[in-house]
Amino acid sequence: MAATTSTVLDRAPEPRARGFWRRLRAGEEIAYLIALSAATLVLLIVGLLVYQLWISSTLSIHAFGFSFLTGSTWDPNAGQFGALPFIYGTCVTSALALLIAVPLGVGASIFLAELAPPNASNVMTFLIELLAAVPSVIYGLLGIFVLVPLIHTYLAPFLTATFGFLPLFQGTFYGVSFLSAGIILSIMVAPFIISVSREVLYAVPTDQREAALALGATKWEATWDIVIPNARTGIMGSIFLALARALGETMAVTMVIGNTPAISASLYSPGYSIAAVIANEFTEATGNLYLSSLIFLGLVLFGLTIVINAVARILILVTQQKGAA
Amino acid sequence: MSRMNMEISLRRRVTNIVMLSITGLFTLLTITILFCILGYLLYHGIGSLSWSFFTNLPKPTGEAGGGMANAIVGSGKILLIATVLGVPVGFLAGVYLSEYSGRTFAFVVRYVTDLLNGVPSIVIGIFAYAMVVKPMHRFSTLAGGIALGIMMIPIAVRTTEEFLRAVPNSLREASLALGATKATTIFTVVAPAAIQGLVSGMMLNLARVAGETAPLLFTALGNMFWSRGWSQPSASLPVMIYQYAISPYEDYHQQAWAAGFVLLALVLSINVTARLVISGRGATARR
Chain A
1 MAATTSTVLD
11 RAPEPRARGF
21 WRRLRAGEEI
31 AYLIALSAAT
41 LVLLIVGLLV
51 YQLWISSTLS
61 IHAFGFSFLT
71 GSTWDPNAGQ
81 FGALPFIYGT
91 CVTSALALLI
101 AVPLGVGASI
111 FLAELAPPNA
121 SNVMTFLIEL
131 LAAVPSVIYG
141 LLGIFVLVPL
151 IHTYLAPFLT
161 ATFGFLPLFQ
171 GTFYGVSFLS
181 AGIILSIMVA
191 PFIISVSREV
201 LYAVPTDQRE
211 AALALGATKW
221 EATWDIVIPN
231 ARTGIMGSIF
241 LALARALGET
251 MAVTMVIGNT
261 PAISASLYSP
271 GYSIAAVIAN
281 EFTEATGNLY
291 LSSLIFLGLV
301 LFGLTIVINA
311 VARILILVTQ
321 QKGAA
Chain B
326 MSRMNMEISL
336 RRRVTNIVML
346 SITGLFTLLT
356 ITILFCILGY
366 LLYHGIGSLS
376 WSFFTNLPKP
386 TGEAGGGMAN
396 AIVGSGKILL
406 IATVLGVPVG
416 FLAGVYLSEY
426 SGRTFAFVVR
436 YVTDLLNGVP
446 SIVIGIFAYA
456 MVVKPMHRFS
466 TLAGGIALGI
476 MMIPIAVRTT
486 EEFLRAVPNS
496 LREASLALGA
506 TKATTIFTVV
516 APAAIQGLVS
526 GMMLNLARVA
536 GETAPLLFTA
546 LGNMFWSRGW
556 SQPSASLPVM
566 IYQYAISPYE
576 DYHQQAWAAG
586 FVLLALVLSI
596 NVTARLVISG
606 RGATARR
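Chains A and B, in that order, are what the protein sequence lines are. Here the first sequence is numbered in our numbering, starting from 1 and rising by one per residue. Here the second sequence is numbered in our numbering, starting from 326 and rising by one per residue.
One chain only, chain B, in its complex shape (with noise of 0.2 Å):
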């Protein structure tokens, strides 16, 4: 009896063995991605990258040397808009979610924002159009900053209430009975302890839209030349990246590979720093 129970039958052997295999296969092949990914871009991007990538103006196609310090410094502003706009209100509301809020009104909040971070980003684009571009009839830095400011806020939010909610009760007690207050409490003793959680949550929340082009195709446009001013309208480097892996030419192709290349460093780079600082910090925690 304990016999024919041991004995599993080939098929189901190999069945176990087949299906396993094959799980792993696709992990793997999903990582291989990911390699290949950034094979490619480091092959084609290092290849095409020069100093003047970073120094000049695009040059019309043909002509040696062009670059996209344009690009970059707007990309920079719009970038600059967008966490000023962003994370403020999305920290703020995080902490009301965390430190204030009842119960009702925080479900629907929470509710709201989620929904928020589920909208595509061509339909925030379209929003900051009607907002922004409409009434100031002209594409603009803000416009842009603007819509990519409106994507940072849900993921500020969930982050902030997230990070504050990991505080220990203890140490809010702690302030409390000392006699501060309760917004004396949140800014001075809570926010500082959830500090490193905080910050690599906003930065990774900055890496997520620094590569978003969409929303930036009808707000902040593009511009061949240096944008003055907040009001103009800007190249970005997500948006340049699209105009020129569009175009017919070769020489815009092997910018697009560079600004490619300096686009996913950029993004990358922030979010291995910031999730190994965040996985750094649960482990301690845990211990």
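Pulled out of the complex, with its shape left as it was, chain A reads as follows (with noise of 0.2 Å):
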């Protein structure tokens, strides 16, 4: 400690103009370069990513153009490759997931940040949060072997006995489905959305929720129409998030959505989804047009997942910046 003080204290009087040198040997400039460089190679591999994602898929481009995305066969024996069923399935899932994972998930957060007391509330969103750190493939597990043969046994008669009229209920429930997957993928992501949101309750002024309430508010009506309205756009934000995650989310799905390219309007049939057809199929494709169209899904999972991902986060700085204000 004394030596390096000393040395530090005989530098200082040097000339400016040999200050370079001697700090680069000190150390000091190669730090700085290679902290910049670190942080020049995280943009670079993004960069690489998406040339890498485009380069690969460009033999798929070449073939299908935009009717990749609307074609409906896929069938790797012929050549034929059209991405619709993997889309349609991501995209029925996911709805499916929020649609279950929205009420769930802004429930819950209204409760923890509103109701619950800090220290418990603090020790729910723990557990909660732990939620969020359990493996997708530990999820796939207990959706094969747990929550499919409850779904089949339980949730799926009352489903056909009550809303059986309805097209999305129709047909026999095999158990690999999209109900399944939509299922399994709403317990995911409501972590996501509980965490965020409570975060964005909080930042809700203490005033908004006093003054509705010494104006003769229920608690409820506090919070129902004054502090979630103030709070909106962070929710959105956060079912963005969710959004994100439930697109790009790979073996859960896999496991329970049935892997089959078909397009159905009924939850009970099985289907495939994006993220699935890529881990399934990938190290069996033969022929590069195979992998090259597998690859392109990628890119269209990809590009999907950006754009919902930079719209949560500018939901998200909006609604904390103006809670700053």
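FYI, nobody ran anything at the bench for these hints, they're computed from the structure. Glycine residues also receive a C-beta, built at the ideal position from the N, C-alpha and C atoms. Please note: incorrect hints may appear among the correct ones.
As the list claims (entries may be wrong) - Derived list of chain B stretches under chain A, where covered just means 3 residues or more per stretch with a C-beta under 8 Å from a C-beta of chain A:
no.: 1; segment: 411 to 424
no.: 2; segment: 432 to 444
no.: 3; segment: 505 to 518
no.: 4; segment: 589 to 601
Stated by the list, open to error - With a straight-line Cα cutoff of 16 Å, these simulated EDC-like cross-link-like pairs (lysine to aspartate or glutamate) come out:
no.: 5; chain 1: B; residue 1: Lys507; chain 2: A; residue 2: Glu28
no.: 6; chain 1: B; residue 1: Lys507; chain 2: A; residue 2: Glu284
no.: 7; chain 1: B; residue 1: Lys459; chain 2: A; residue 2: Glu284
Could you use the hints to bring the two separately framed chains together as a complex?
Structure, rendered in structure tokens:
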């Protein structure tokens, strides 16, 4: 320690012209350059990622162009590749996941931010965030052996009996289906909605609540009519974040969706998602066009999640700045 | 007049109670799911767990005493590569953002980092395939490690930046006032002051990628035997769980439960420890 101090003091009165080389030798400039290059490397990796996805899918892009997205035939043997069944599956399962996770997540975040005592709220949020740390393959495992049988014995008969007149719930339920995938996904994305929404609700100034309560509103009215509208943008942000997760989720969906490239109105029928088809067929893809089409699917998924993530971040940023102002 | 205002109609009171109870119920439901997951894995996992699980190679279905020793070691090797690659890059980029950055470039780096964080893991797998597997003409431990390493970078960057920013400026000023250079200040004063948070953050990061399956499917692939060296396909716990779970054999399912239990125990214990350390540190700082 003493030695370092003395050398530093010795160096201090050096003329400026030689300062750069001195500092370089002392590691000063090198440290800066290393940090800068690490930051640049991050940009480089993302650039390379986009470039690789694009280059590797050009074959398929040239062969099919826009019709890749609208074609509904996926027949590797015939060299026919249309992505519609996968896009449909991804959208249906994600939509179903949000349909369940949004009320659940927003409701729970209201409870945690507005009702629960701070300490209890912190403990419960801690537990809920652990739910987000559970690896997706474990959700898949539980999906196959626990959730699907449960849906098969209890939920599906109930849905058929109650809503059987809707095309959504017609046909036979075999287990693996859009419904199972959507439910598993909803469990997986709800923690994200809860923890982000709770933060957003906390950011709403307390005087808003107090003003509403002072005017005679009930707790629920103050929350629903005053606090929620204030936090609406941020909650939307958390939902978009959850949507991006749901779209890109691979393992759990692959294990319960059934892996059949079919478009069906019934939630009971097996389907396929973009991520699942890549996971299943990538190593088996024979021929360049097949592989290139799978990577094209990856590019589509990448584009979709990037856009939705960007929207989510903007929405959350806007609310946080509004809360800070 | 005042009495009229005090009266809250029955409908409003009922709505109040019903809706608030529903939010509580939803919270309870979400937490119950966590305990169901833990309970199921504990129940099925412990039962199928045995010593041979940790020491033996997988055996063909029907033969007793198979284990996942190769998958455990494989996961360890893959995570080692991921950490060695992802943590330094992320840490240094975080140092840049927190200590050196100008405005515009920092904004770009931060934005792109978040973007990388949002990329679906299967797409990272494709990237690692194109960058490593294709040129090497083989699936390898290395490729799996690189895929997970890339996934570790964004969280490493943001954790480092966040925890370094939390270090009070007076510490930096004191160090600079004593004549230390900026680099010396960062690496001997600022970073050590944040070390607890940094280590916990990196552990959380590691726990997150430890359960990743999708990026390994076509990088490290899988292996029923020991993987020799770093350039051979390697088994890993998550991929093993996946393959065993979708197989039609009952004894493979048992193994999948055991592996799931081990993986979850690992991930959750790291999570709990790291989060407690971080929150304990936050509490003392506020005091």
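- Tell me if chain A covers the segment 505 to 518 of chain B under the three-residue, 8 Å CB rule, please? Coverage by chain A holds here, the residue count being 7 at a Cβ distance below 8 Å.
- Report holds or violated for chain A covering the segment 411 to 424 of chain B, Cβ cut-off 8 Å, minimum 3 residues. holds (count 10)
- Message: Would the hint linking Lys459(B) and Glu284(A) be met if the CA-CA limit is 16 Å?
- Response: At roughly 14 Å apart (the allowed maximum being 16 Å), Glu284(A) and Lys459(B) satisfy the hint.
- Within the assertion that chain A covers the segment 589 to 601 of chain B, do at least three residues meet a Cβ-to-Cβ distance smaller than 8 Å? holds (count 6)
- Task: Confirm or reject the coverage of the segment 432 to 444 of chain B by chain A under the rule of 3 or more residues with a beta carbon closer than 8 Å to the chain's beta carbons.
- Result: holds (count 9)
- Restraint status (C-alpha distance of Lys507(B) to Glu28(A) at most 16 Å): Holds, because 7 Å separates the two Cα atoms, which is no more than 16 Å.
- Query: Does Glu284(A) lie within 16 Å of Lys507(B) when you go C-alpha to C-alpha?
  - Reply: violated (53 Å)
In summary, the structure is inconsistent with hint 6 from the numbered list given earlier, while agreeing with all the others.
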